[in-house]
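All chains should be modelled from the sequences, with the hints used to inform the complete structure.
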Amino acid sequence: MSELSFFLGCIAPNRYPGIEKATKIVMEELGVHLRELKGASCCPAPGVFRSFDKLTWLALASRNVVLSEEMGIDLLTVCNGCFGSLVDANNLLKEDEELRSDVNKVLAEVGREFKGTIRVRHIMEYLYEDVGVEKVKESVKYPVDLKVAVHYGCHLIKPSKERHLGSIENPTFFDELVEATGAESVMYKDKNACCGAGGGVRTSALETALKLARAKLENAKAAGVDCIVDACPFCHLQMDVGQTEIAAKFGDVFNMPIVHYSQLLGLGMGYTPQELGIDMNYAKNDEFIAKIEKIGGGK
Amino acid sequence: MSDTIKTSDLDKAFRDEVMTEPGAEKLILCFNCTGCTAGCTMAEHEPNYNIRQLLRMANLGMRDELLNHPYLWNCTTCYKCQERCPQGVPNVDILLKIRTMAVHSGIMLDNHRKVAQLMAKTGHAVPINDDTKEKRKKLGLNEIPETVHKYPDALEEVHKIIAKTKFDKLTEDKS
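If you read the protein sequences in the order shown, they are chains Z and U. Per our numbering: the first sequence = residues 1 to 299. Per our numbering: the second sequence = residues 300 to 474.
Nothing false has been slipped in among the hints.
Here are the simulated lysine-lysine pairs, DSSO-like style, with alpha carbons at most 27 Å apart:
| id | chain 1 | residue 1 | chain 2 | residue 2 |
| --- | --- | --- | --- | --- |
| 1 | Z | K105 | Z | K54 |
| 2 | Z | K54 | U | K311 |
| 3 | U | K468 | Z | K54 |
| 4 | U | K437 | Z | K284 |
| 5 | U | K468 | U | K449 |
| 6 | Z | K54 | U | K420 |
| 7 | U | K449 | U | K437 |
| 8 | Z | K294 | U | K437 |
| 9 | U | K463 | Z | K115 |
| 10 | U | K459 | Z | K38 |
| 11 | Z | K291 | U | K437 |
| 12 | Z | K38 | U | K432 |
| 13 | U | K465 | Z | K115 |
| 14 | U | K436 | Z | K38 |
| 15 | U | K436 | Z | K284 |
Residues from chain Z that keep clear of chain U, each with C-beta distances beyond 12 Å, as calculated:
| id | residue |
| --- | --- |
| 16 | G116 |
| 17 | E125 |
| 18 | K137 |
| 19 | S139 |
Computed spacing ranges between beta-carbons, pair by pair:
| id | chain 1 | residue 1 | chain 2 | residue 2 | range |
| --- | --- | --- | --- | --- | --- |
| 20 | U | I443 | Z | I289 | 24 to 30 Å |
| 21 | U | N367 | Z | D145 | 49 to 55 Å |
| 22 | Z | S167 | U | E324 | 23 to 29 Å |
| 23 | Z | K105 | U | I443 | 29 to 35 Å |
| 24 | Z | K105 | U | S404 | 23 to 29 Å |
For the record, the hints were derived by calculation from the structure and aren't laboratory data. Ideal placement from N, C-alpha and C gives every residue a C-beta, glycine not left out.
The following block contains the structure:
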């Protein structure tokens, strides 16, 4: 059985614990044991904290990486933002000796040292590259008969020179993993557009951030999908909590279910929406929950 | 419509400072094709946000206008423009460097200051709340996740790192 450390970040454990639980369940089913990365902090978020002070951003990000180095295993994240910080920091410090020396002087304060011995993995690219679409498909006992809008998000695939995941204009790996569950990935307008949350925009200019989220929700709805599937708790929050904010600010109501890929795959493995926390979203859609309750065999 | 830019008002040292960021030396390769802004998702929704213009201002050395620019913080860092730039200019990395220069000059938005202080204190930009604790229990997870929330020694490490880099001073309330 393969082993990875599970980097939780902030939003999954502290707002959407269903994503945390679903990830543990599906990875175990796929033969990947996740070990807790005890004492990890905020990644810290790439757009804001890197903007404020690069050395602090690098030092805190590398501390998280070092925790996994000390366990001797690669690190897994289920969040695009955390991936952005951790993979970029990990690569920067592996490549730039001067920067590594600066960061290690800070880490020496807490008795740690960045050595550059592990890889940072995002669940989507790990499933695609290491587990494989076929094995994911074999793990699905109850095909998920849903039409979904795939939302790649940004930091999963960009900057591409640090990612090596193929085309950033027309990526396909996420769609392939979604279709492996039996769901249909439906094309929709501006599929690769940003959700609007990143870079500190949601924090400082909420109304503007929500305009980007509203466009995503409108385009997904126009394509007639049952739900949006993402791989980032921050996009998840922006499109889910965002719906209640959009209703209050602009009067538009979507009732669009937002599902993390771990949760979608969990459905295909026979787990209930309640076990996967899909019913814990802020935007409520009972009709959708009733529909997906029928997927599993009551496992 | 626009004010005339006087070369005597420009600060050439500003551009050099921006270009100390690795990769940012490519800033001078920008020929203003506007491919970045044409594809910008933010610009579609907020037309006042124009990354081409911000980088042009950096090239010209318009320090004060840029560090205080009302739309400097509108980039969501989606990196689409950086991927598409025909000149290979790392637009987003450069913008982040300019933001860092603003923060280090004491120019910071209130909500950003708050989230920075929250992270410096709790180790999380989004700390746990009672509602989520309930949800965690319902799912059969530990009420408190295995992060700095659970381990005081780990939080102490975060505090020490932040004190060492002086991030706490950088982001404290202005007196």
